[in-house]
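**Student:** Residue numbers (the working numbering), protein chains in the order written: chain B, 1 to 128; chain A, 129 to 272; chain G, 273 to 613; chain W, 614 to 943; chain S, 944 to 1607.
Hints listed in this document are in silico derivations from the structure and should not be mistaken for laboratory results.
Errors might be hidden in some of the hints.
[Unchecked claim] Below, simulated DSS-like cross-link-like pairs (lysine-lysine); rule was C-alpha separation at most 30 Å, straight line: (1) G/Lys602 <-> W/Lys625; (2) S/Lys1142 <-> S/Lys1366; (3) W/Lys715 <-> G/Lys500; (4) S/Lys1607 <-> G/Lys525; (5) W/Lys663 <-> G/Lys602.
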Amino acid sequence: MNNSFLQEELIRESGVNPRKCMRCGKCSGTCPAYEEMEYHPHQFVYMVETGDIEPLLNSESLYRCLSCFACVERCPRGVEPAKLVEAVRLAAVRKQGNNSLKADDIPSLSDEETPQQLLVSAFRKYSK
Amino acid sequence: MQVKEYKPLIVAFCCNWCSYAGADLAGNNRLNYPADVKIIRVPCSCRVNPMFILRAFQRGADGVILCGCHPGDCHYTSGNYFTRRRMALLFSMLDFLGIERERTRVEWVSAAEGAKFAATMNDFVATVTALGENKRLEDLRCKK
Amino acid sequence: MRKCSLSAQDTLFAKLAADATLYLPVDTADGATYQKWESGKVWSDALNTNKSPKEFFFPQMEDLMAFKTAGKTIELIDTRSETEDFIVFGVRACDAKSFEVLDRVFLTEPQDSYYANRRAHGTIVTVACTRPIETCFCQTFGIDAAEPQGDVSVWKTETDLYFNANTPRGEALLQKIEGLTEEADASAVEAQKEQIQKVLKKLPLKDLTTDGFGGDKTEALFDRPEWKTLSEACLGCGTCTFVCPTCQCYDIKDFSTGNGVVRFRCWDSCMYSDFTKMAHGNNRLTQVERFRQRFMHKLVYYPANNDGLYSCVGCGRCLAKCPISMNIVKVMKTLGGKETC
Amino acid sequence: MQKISRESLVEKAIAMLQAHEVSAVLGWKKGEFDYDITPALFTDAEDLQKNFVWNDFCGANFSKYLVEKTRNIEGKILTFLKPCDTYSFNQLLTEHRFDREKVYAIGIPCEGMVDIKKIKDACGEGIASIACEEDVLKVTTLYEDAPIAIETETVLAERCLACKSKKHVAYDELLGETGEVLESNRFDEVERLEAMTADERFAFWQNELSRCIRCNACRDVCPACTCEKCVFDNPNSGVENKAAANSFEEKLFHIIRAFHVAGRCTDCGECSRVCPQQIPLHLLNRKFIHDIDRFYGDYQAGAEVGSRAPLVDYTLDDLEASEIFEGRDN
Amino acid sequence: MQRIGVFVCWCGSNIAGTVDVQAVSDALKNEPGVVFSTNYQYMCSQAGQDLIVDAVREHNLTGLVICSCSPRMHEATFRKTAQKAGLNPYMVEIANIREQCSWVHKEMEIGTEKAIILGKAAIAKVHLNAPLTPGESPVTKRALVIGGGIAGIQTALDIADAGFKVDIVEKLPTIGGKMAQLDKTFPTLDCAACILTPKMVDVAQNENVRIFSYSEVTEVKGFVGNFDVTIKKNARYVKEDICTGCGACVDKCPMKKNPNEFNLGMDNRPAIYIPFAQAVPKVATIDPNACNMLKNGKCGLCARVCTAGAIDYTQKDEYIEEKYGAIVVATGYNPISMDKFDEFAYNQSKDVITSLEFERLTNAAGPTAGKLLRPSDGKHPEKIVFVQCVGSRCDACAEKGKEYCSKICCMYTAKHAMLTRDKYPDTEVYVFYIDVRTPGKNFDEFYRRAVEEYGVHYIKGMVGKVTPEGDKLIVQASDLLADKQLKIDADLVVLAAAIEPDKSARPLATMLTASMDTNDFFTEAHPKLRPVESPTAGVFLSGCCQGPKDIPETVSQASAAAAKVIGLLVKDKLTGNPCIASSNELMCNGCSSCERVCPYGAITYVDKEFRMPDRTTRMRRVAQVNPAVCQGCGACTVACPSGAMDLRGFSSSQIMAEVDAICK
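Here chain B stands alone, though its shape is the one from the complex (with noise of 0.2 Å):
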């Protein structure tokens, strides 16, 4: 379960340093999306302070959080939590291997008018 590469990395992109945490929960206290989120901010702190990446690749958690940044404006700390999720959440969009969009069925979606730009940034977004 620990996958300490995949931590490092996590932590030098983020800029954040999760074992500046003191477990006070604010960051999920003050979370608009906490209902919505199997995994909460404090918990991605903690999980990948801890190098329990694995489940928060796969959570759709990832996906609920607004990056409101309420969480790393409250933190007394200054862990801040967003940018931890912002990580995690690059870290399984470069994830290779379960993309659901191949390049080769582009050609066959995209016509003479379809912009370079929008297939760029739809490539990015759907080959998760």
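Following the hints, complete the assembly by docking chains A, G, W and S onto the known chain B.
**Tutor:** Using the frame of chain B, we list chains A, G, W and S on its own:
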């Protein structure tokens, strides 16, 4: 002909409250370090004038180490903070003049760190021994 | 008079350096300095070297003796050794004259054996100044830049070097290079001398005289109020004394080495506040007094004791080097002149 | 060519003398030649008219004279300060070295001062006269009939080429305009040396410092060296010496000299200007200034009166002596 | 030239095992100045000391070198021995040949060689030793206590009880401090007023105590034993000695609508007021910003009703200068401002209050006469939420909160919760906590009672936000143990605000040259061993000015500080450490470098006339070291470029002599 083993001469300035006590503790615990190290007791590391350090080199020292309380632990509250700035600038200047930077060192050693004192001295003596004799800050008149 | 082609210069120097150390002025990025000649070193045409050649005979620092201590025992060590022969080549007329000033101090009884030793082994080869500069005023002291003294005088023309021995030691030196030189007539040299005289007449300080100075002028000069204004900006550094070819004051000090003592002497400067410090303190407590001392010594006290010889040779180094541009010329112009005395 | 005219300075000085607002004027006095200008005290109008000069050779920094002159002279002294001089002026005030009330300081702009050595290098020795004109110096030598024109810029002193500030940080009155603190390249040479290997640096300084004749001019001219008794003149200090016996004593003198003014040196460059042996002493001072800026944040001595010099200050998280070389391998 | 005696100790086999002591004493005998050299088994024993004394007498020794164990061990012993022999105790130097030689080296040859060198260094040093005498300074037998809270009161009482004079300076019109505002105190729940007010009366009636209320310290000069302090007595426009505290003026004053500071602005007071019934001194004070007479010259009602004639509208601030031997800082604390904590809606709703406000709400002398009523509508709150750690343990943003734990909040919140449940059992009480910290006698038991006996809901988790909705406050918080987000519709929210040092502390520290940490708490001389002293000699610390603490701890520290003060005042003269800095005034430039590095403020500058070496006389600014204040660190000696500053006992020449001896 037998080649005499090179023994460096090391002068260690130790503050009375932490490092000198640390050196005493090293003694209490019978922790060995080379006899090349000779300690001079000063009330605080901030008593050490750059002139003393240069004087030691002039008189034939091969290395000079300055030991004081850890920052924040100074018996006199702030002495070692001044030491830190003075020595950073002095050492940087010595380096600028092309003098081996390894010959000078500042180390914070508390009264509880007998082991650290001995380890530091062992390391410093090894470093200076590897450098060899001090040629760049010597005064030939003082050589035997 | 002998001559040798300029193109044979290096051969000449090699010959001279064969059995004596040869020093001559060499250009560096920081001005001309005397250096030991070795193949490849080029003789500089510069008029003044940074430091005067006095240090060949009276070095800035020299050990006089030593003591060795062990516990409570002490042993005296004579550190003197016989100096090896050396030649100082390319000395200008002013600097050459300075040796006379120094000799009168060091070689009169009791003789300074350290100085005498060096003097006995050094040969001075002078060279005439073809291009004197604005700071030159050797004429004031009766020195002829076209007729330099020393053991051997040299004139350097476009093509040749002309040699003339002035002393037996000079004769010996010319003897040594006889094979490289040939007998020559003096016409080219005379032409050069004339040329030099023309330039000397153009020099800005040509009219500077010693009028108003001399061994009998102590009372007339000592209390002059101008000393105060003249010395106003003096920093009390030792630049003028250390670049001066005639300043000969020194201090004797002991240096404890840990295993003994080295007794050495080093140049001192009357401009320093701790000059001739004694048990009671210093003789001259203010910079005005110290400043006055230096010039009174050169222009009054020294001539008083040395048959009217001034201890300034007009080399102009102090004019060029003083940090605040105060110098003997300004002093002489302010205090001297016929009308003032 | 300086922007402000000699006449306007003389006029101002005479006016103040005659109104008894000041009792003496510290200024530059004419020398034997056009370039050997002496600092002097003027007390009457005639002297000022005749002998006061202000031109491209007025490099001397007067601040240090105020220490002694304010003590010995009744009434106020008028002094003219170039921008770089004002920093020394402030630093001396910070150290309580003279009474501010006894000085009337007039800030004057400076276009940079020329280096006579560079002129001699360019025109040869034997200079009969030099005329300062707009951007050009007309040099007449004893050996050429026609004057040689050299662009002032090409013979500016090194310290002026790396001028740190055209801003006057202290004055009672400004004549002409003040400028800005400049982005100077004054640390380039320090960095060039830092980039050398230790052996190269050692050789460099060995060569430079071996020329030292211990004339003390660098110390005696330095506006930061105002000790009542210098340690090098004090037989009880343990470092006193009148001449350097060997390379150790050369280094000792120059390290301690620079260390004693570290954090107090305003980088006026007088030490190098006056060195009769042309040793680049200012590099030692600049090394300290550069290190102070890098280790403890930018600090300009003399920028304001009363600022705390870096060596009598600290922060809890200062660099350790062991960390200063991090990222520098040579 | 000194006549030096060298005494090499065997320390049994401790030294003699690795050092050839005979060789050492023989070698050192040859050193210049050494006239006697010997070795002995135990130099520190009576026999060893007698040997030293005899040698001093027999050989007229002037300096002693003892080659023995560390000077940290027996320097004091041998100094006494020297004194016994008629020498100045500072003519002794120790060469440490045990801890730093025989114990760290194994071979006899190496150990002996090093011991000889260390001995030579000590001889070189002792050559330059000079007799030193500790300086003496008189002690003013009066203490100043700055701050009249429980800390200041307790310190003053203890000092006064020992028979010394004490002055208390309090910036408010009454002493009593924060404790006077409290209702009950944990963990015993006795009423704060009941235990504090008798002490206030005691202190007021104690002959040795003077109280300067409504006053502040404006200048401190001098040093330990001899402080010169200027106290500014603010004009209260009422003659303190005449006012009887009857309160007639307070009743009649027409300017009634001024926020009452004592009740934290939750009700109003008149322009002329007495903070509370048990105030000490119980005299009225006129608020010049509120009084019509002082502002416009119209009114004068209070003067008319005052039968004692105590009102004086012309009163001016008064400056009193007094000498003190010791100063105790007891400036206390304040809750931090809640302005930056928007998430708790403190500024949006009157029903979000701080714990100190809650104290006043439950206090019988408070704005609601002790009834717990909501500030907004005066209704009884049914559901109360307490939020812990508001601004404490917060390092995200410096201007918002404090990094440290405020220490007292866990306990007073438990107290509030318990008292609420006790008085109003129908009220639901929630406490949101991060950790509950209850170290202290009977503290955890107290907290457990709140949970177990009183049914307070303790929820681990932090409140995320509070939203006013109608007359309710919606508290959104996480319950970490249940992994739920809660929404509670509370009637009252109580914030346990972090506490910070009083704002007056920083300028005071500057005046006292006492050091502070980054949070503006005063620094103690040693965190463990000298916790009630400031590094500045003669300045002591009492209460929360040094760090957050509760009442029992504050009182303990207050008494400890008093004990230290008494220990100082009981002395007639202070003798200092003679190894201190001294300035050679002839060489001093007056540049201030030394003053700037002195941690004790021991260096001052004086303008003094000197006869200079050049025969002139000159006024010069020179540094002077106060021997009573200097602790001898030597920072100034290196800061001084001219070497005018030197350290006795560790002079530059002594240290260089040691260097030379070691290196030769």
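**Student:** Each hint needs a verdict: does it hold in this structure or not?
**Tutor:** Taking the hints in turn, this is what the structure says about them:
no. : hint                    : result
1   : G/Lys602 <-> W/Lys625   : holds, 27 Å
2   : S/Lys1142 <-> S/Lys1366 : holds, 28 Å
3   : W/Lys715 <-> G/Lys500   : holds, 21 Å
4   : S/Lys1607 <-> G/Lys525  : holds, 20 Å
5   : W/Lys663 <-> G/Lys602   : holds, 16 Å
Checked against the numbered hints above, the structure breaks none of them.
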